[in-house]
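Enquirer: Read top to bottom, the protein sequences are chains E and L. Numbering of the first sequence is given in the working numbering, commencing with residue -3 and proceeding in unit increments. Numbering of the second sequence is given in the working numbering, commencing with residue 96 and proceeding in unit increments.
FYI, nobody ran anything at the bench for these hints, they're computed from the structure. Mixed in with the good hints, there may be bad ones.
Said to hold, decoys possible - Going by beta-carbon spacing under 10 Å, a handful of chain E positions derived as facing chain L:
id : residue
1  : GLN33
2  : GLU37
3  : ARG94
4  : GLU99
5  : GLY100
As the list claims (entries may be wrong) - Short derived list, chain L residues pointing at chain E, Cβ under 7 Å:
id : residue
6  : ALA133
7  : PRO138
8  : PHE142
9  : GLY206
Said to hold, decoys possible - Under the rule of at most 27 Å between Cα atoms (straight-line distance), these lysine-lysine pairs were calculated in the DSS-like manner:
id : chain 1 : residue 1 : chain 2 : residue 2
10 : E       : LYS55     : L       : LYS108
11 : E       : LYS66     : L       : LYS200
12 : E       : LYS52     : E       : LYS66
13 : E       : LYS53     : E       : LYS66
14 : E       : LYS66     : E       : LYS55
15 : L       : LYS108    : E       : LYS53
C-beta atoms are modelled at their ideal positions from N, C-alpha and C, and glycine is treated no differently.
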Amino acid sequence: TQLLEQSPQFLSIQEGENLTVYCNSSSVFSSLQWYRQEPGEGPVLLVTVVTGGEVKKLKRLTFQFGDARKDSSLHITAAQPGDTGLYLCAGRETSGSRLTFGEGTQLTVNP
Amino acid sequence: DAGVTQSPTHLIKTRGQQVTLRCSPKSGHDTVSWYQQALGQGPQFIFQYYEEEERQRGNFPDRFSGHQFPNYSSELNVNALLLGDSALYLCASSSTTGGIATNEKLFFGSGTQLSVL
């Protein structure tokens, strides 16, 4: 079973600050996805990265896939209270289609 | 266009009982995956159904079983409930092309919160 480790587990920052969340594994993934989940809801897909070294930007969010396709990071610039939520990374195995999720990073942005 | 719908939203059961959770996929999707999310944890893959058959299975005991119907909707059944089965059960739908699921986008429902007392 491929495992994904996310860090930090909890993050509480002030509005306007920058932050980075990390997702690491010893295994190679064919692709990696980032989701955001709010209380009482299911995860919502933010981005999929496929190519090693790939960088994708979604407004103030920047996602990077490691060159070896074993790790990824999510950077948020000038965080806002609306960014508060549980951020999950999920890797798709090189064979098959199951997703392996990390434990999640609970982000709280205080106004 | 309705997204993924799950029912019921909340459920309370006692140890030893059996439960059935239901999921209707997003319109146009033919593949349904089930996940268990314990409090403070990431979702754990239970199994996936495509063409009414279980295609992949995670590390869950046989007490967890499922079914997919011709209209692509799906059920998750859990027998002999344990306290540790208390969790949010998420259904996710996607589309499979030519029998191969690659980097498809998953759409999740809001989940069923199961409490076992």
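Enquirer: Please go over all the hints and tell whether each is borne out by the structure.
Expert: Hint-by-hint comparison with the structure:
{"no.": "1", "hint": "GLN33", "result": "holds, 8 Å"}
{"no.": "2", "hint": "GLU37", "result": "holds, 5 Å"}
{"no.": "3", "hint": "ARG94", "result": "holds, 5 Å"}
{"no.": "4", "hint": "GLU99", "result": "holds, 5 Å"}
{"no.": "5", "hint": "GLY100", "result": "holds, 5 Å"}
{"no.": "6", "hint": "ALA133", "result": "violated, 10 Å"}
{"no.": "7", "hint": "PRO138", "result": "holds, 5 Å"}
{"no.": "8", "hint": "PHE142", "result": "violated, 9 Å"}
{"no.": "9", "hint": "GLY206", "result": "holds, 6 Å"}
{"no.": "10", "hint": "LYS55/E / LYS108/L", "result": "violated, 43 Å"}
{"no.": "11", "hint": "LYS66/E / LYS200/L", "result": "holds, 20 Å"}
{"no.": "12", "hint": "LYS52/E / LYS66/E", "result": "holds, 17 Å"}
{"no.": "13", "hint": "LYS53/E / LYS66/E", "result": "holds, 19 Å"}
{"no.": "14", "hint": "LYS66/E / LYS55/E", "result": "holds, 25 Å"}
{"no.": "15", "hint": "LYS108/L / LYS53/E", "result": "violated, 44 Å"}
Of the numbered hints stated above, those contradicted by the structure are hints 6, 8, 10 and 15, listed in ascending order.
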